[in-house]
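Colleague: Chain residues, written in single-letter form:
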Amino acid sequence: MDIELIGRAQHGDEQAFASLTVAVGDRLHTVAHRILRDTDLAEDATQQALLAIWRDLPTLRDPARFDAWSYRLLVRACYAEGRRTRRWTPNLRLLPADGPSGGEGLASVVDRDQLERGFRRLSIDHRAVVVLHHYLDLPLDEVAETLGVPVGTVRSRLHHAMRGLRAALEADARPTVREAIQ
Amino acid sequence: MRTEPDVTRVVRSWLEEGVTELPDRVLDNVLDQLPATRQRRPLWSARRFLDMNSTLKLAIAAAAVVAVAVAGINLLPGWGVVAGPPAIPTATPTVTPSHEPSPTVPYVVSGPVSGPGSTEVAPGTYRMRGPGASPAGWPSTVIVTIPDEWEANSVLRGGGLTWSNDLGQPLARLNFSSVGNLVADPCASRGRRDAMLEPPLGPSVDELVAGLRSLPVFEFTEPVDVTLDGWAAKRLQVTHPAGCGEALLWLTPPDAGESWGISSSEYWHSTLWVLDVDGLRFVVIAAYELDARGHVRLGLERMVESIDIEP
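As they're listed, the protein sequences go chains Y and X.
Quick note on the numbering used here: the first sequence kicks off at 9 and runs consecutively.
Quick note on the numbering used here: the second sequence kicks off at 13 and runs consecutively.
FYI, nobody ran anything at the bench for these hints, they're computed from the structure.
The model shown is predicted, which means the values in this text are computed figures rather than measured ones.
Heads up, some of the hints might be wrong.
Claimed, not checked - Listed below are several chain Y residues computed to face chain X (Cβ distance under 7 Å; list not exhaustive):
| id | residue |
| --- | --- |
| 1 | Glu22 |
| 2 | Gly33 |
| 3 | His37 |
| 4 | Arg42 |
| 5 | Glu51 |
| 6 | Thr54 |
| 7 | Leu59 |
| 8 | Arg63 |
| 9 | Asp64 |
| 10 | Leu123 |
| 11 | Arg174 |
Stated by the list, open to error - Non-contacting residues of chain Y with respect to chain X, defined by C-beta distances greater than 12 Å in every case (computed):
| id | residue |
| --- | --- |
| 12 | Leu13 |
| 13 | Ser131 |
| 14 | Gly156 |
| 15 | Val159 |
| 16 | Gly160 |
| 17 | Thr161 |
| 18 | Arg163 |
As the list claims (entries may be wrong) - Where chain Y lies over chain X, by a calculated footprint (3+ residues, C-beta under 8 Å):
| id | stretch |
| --- | --- |
| 19 | 15-22 |
| 20 | 41-48 |
Think of the CB as a built atom: it goes at the ideal place given N, C-alpha and C, for glycine as much as any other residue.
Please work from the sequences and hints to get the whole structure.
Modeller: Following this line, the structure appears as structure tokens:
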């Protein structure tokens with residue numbers, strides 16, 4: 009990250025912050041989407057996180073820690089969005105131009121569906137740990153620092169989350185509710 | 013039985029999928045709000061405050077209170093921080109604000125909007141147009157009136173009008189949409205494009221109604237022949253299946269390289285009017301949360317009654 013850009017934004021330079029936003033916006037949105045599993049909520053969370061970053065940037069003592077610090081604000085925004093909109097609303101939403109294609113990668117269609125269901129059953133706390141560790145490849149101590157919790161807590165949450173996802177994957181051998189009622 | 017490394021590999025692969033780009037309108041919303049969002053100074057600089065005289069302290073304290081109040085208002089849900097159509101450049105309520113056509117989203121041509129960079133809407137009459145220079149599947153203009161009793165925190169988002177409560181929780185929504193093709197299994201699709209109806213949906217009202225009613229798991233009522241603003245329409249209601257979460261029902265026709273989808277949700281009651289506007293199929297959706305009180309539903313009905321569609 010451009011330390012000089014961060015420094016200028018810390019002193020209220022809106023142009024510098026605009027450049028910073030362009031640089032980090034996609035990355036924050038990508039993480040928010042993986043945690044919340046909803047395009048609208050992820051957009052709102054990213055927007056809130058970017059405003060929080062602008063608001064609190066002068067309090068960031070070490071600009072080199074910007075990435076971890078911004079993820080912490082993003083996860084907070086994800087908590088807020090997750091609480092605020094438990095009930096989804098009918099909506100018109102923009103779809104990604106390049107949706108995932110079936111059959112590619114390690115996750116099969118069935119796996120994806122089971123993972124989606126399993127992941128949605130996890131709390132935001134657990135989802136955040138999975139995404140930060142397995143998507144961003146952050147070591148557990150950095151995940152702990154980002155979330156502001158002890159490493160032991162991160163390890164415990166990751167274990168619980170992965171156990172839940174494994175159970176969801178292994179449930180594919182059992183009939184789904186829809187199959188069962190037909 | 014999968015080994016732990018197997019599960020980790022599958023989870024990592026799955027996490028790689030999905031959206032990666034933040035829409036420009038979200039960035040625009042953020043940048044629009046910067047002037048009204050005061051930066052917090054670090055605590056250690058507050059020491060300078062001790063060196064000031066009492067009058068200056070009081071003046072700065074008063075200014076800080078005002079700034080916090082302004083920032084607080086701007087951060088209230090539904091007051092400018094909600095992602096939505098492009099900003100409408102006007103600072104005060106007006107009758108005909110100008111706006112450049114958006115290439116991707118339905119937008120308001122004119123109406124009593126308030127606040128620069130805001131997506132809030134106030135009671136009054138709005139003229140809306142579809143996305144793009146030649147909006148696929150949209151009539152030339154849709155006019156709708158938000159009744160007086162709708163709160164000022166109603167917001168526009170993705171071409172819909174929303175009535176939210178003080179906490180920003182939506183209570184009712186009115187959407188307008190064209191329909192390209194239906195999602196084959198809305199509950200299972202999760203928005204993936206590889207689950208569209210095959211063969212694709214035809215262009216007529218009857219084909220859409222039949223297609224909707226054939227969707228798995230979803231239950232649509234028998235269509236009723238009605239008119240809306242004088243246009244022939246089929247009206248039907250939908251019950252969202254329990255446990256289905258957010259379900260994508262259809263995609264709009266491809267336009268400007270992007271597609272929009274209409275999603276349905278649990279705990280909401282939705283009524284659809286599938287209209288024939290001079291041979292053009294167009295859909296109006298009125299939805300309210302099941303807990304919404306009578307005056308919310310009544311307001312929604314009045315909005316539907318106010319719709320004026322110009323072909």
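Colleague: Each hint needs a verdict: does it hold in this structure or not?
Modeller: Going down the list of hints, with the structure as the test:
{"no.": "1", "hint": "Glu22", "verdict": "holds, 5 Å"}
{"no.": "2", "hint": "Gly33", "verdict": "holds, 4 Å"}
{"no.": "3", "hint": "His37", "verdict": "holds, 4 Å"}
{"no.": "4", "hint": "Arg42", "verdict": "holds, 6 Å"}
{"no.": "5", "hint": "Glu51", "verdict": "holds, 5 Å"}
{"no.": "6", "hint": "Thr54", "verdict": "holds, 6 Å"}
{"no.": "7", "hint": "Leu59", "verdict": "holds, 6 Å"}
{"no.": "8", "hint": "Arg63", "verdict": "holds, 6 Å"}
{"no.": "9", "hint": "Asp64", "verdict": "holds, 5 Å"}
{"no.": "10", "hint": "Leu123", "verdict": "holds, 5 Å"}
{"no.": "11", "hint": "Arg174", "verdict": "holds, 5 Å"}
{"no.": "12", "hint": "Leu13", "verdict": "holds, 15 Å"}
{"no.": "13", "hint": "Ser131", "verdict": "holds, 16 Å"}
{"no.": "14", "hint": "Gly156", "verdict": "holds, 18 Å"}
{"no.": "15", "hint": "Val159", "verdict": "holds, 19 Å"}
{"no.": "16", "hint": "Gly160", "verdict": "holds, 20 Å"}
{"no.": "17", "hint": "Thr161", "verdict": "holds, 20 Å"}
{"no.": "18", "hint": "Arg163", "verdict": "holds, 14 Å"}
{"no.": "19", "hint": "15-22", "verdict": "holds (count 5)"}
{"no.": "20", "hint": "41-48", "verdict": "holds (count 6)"}
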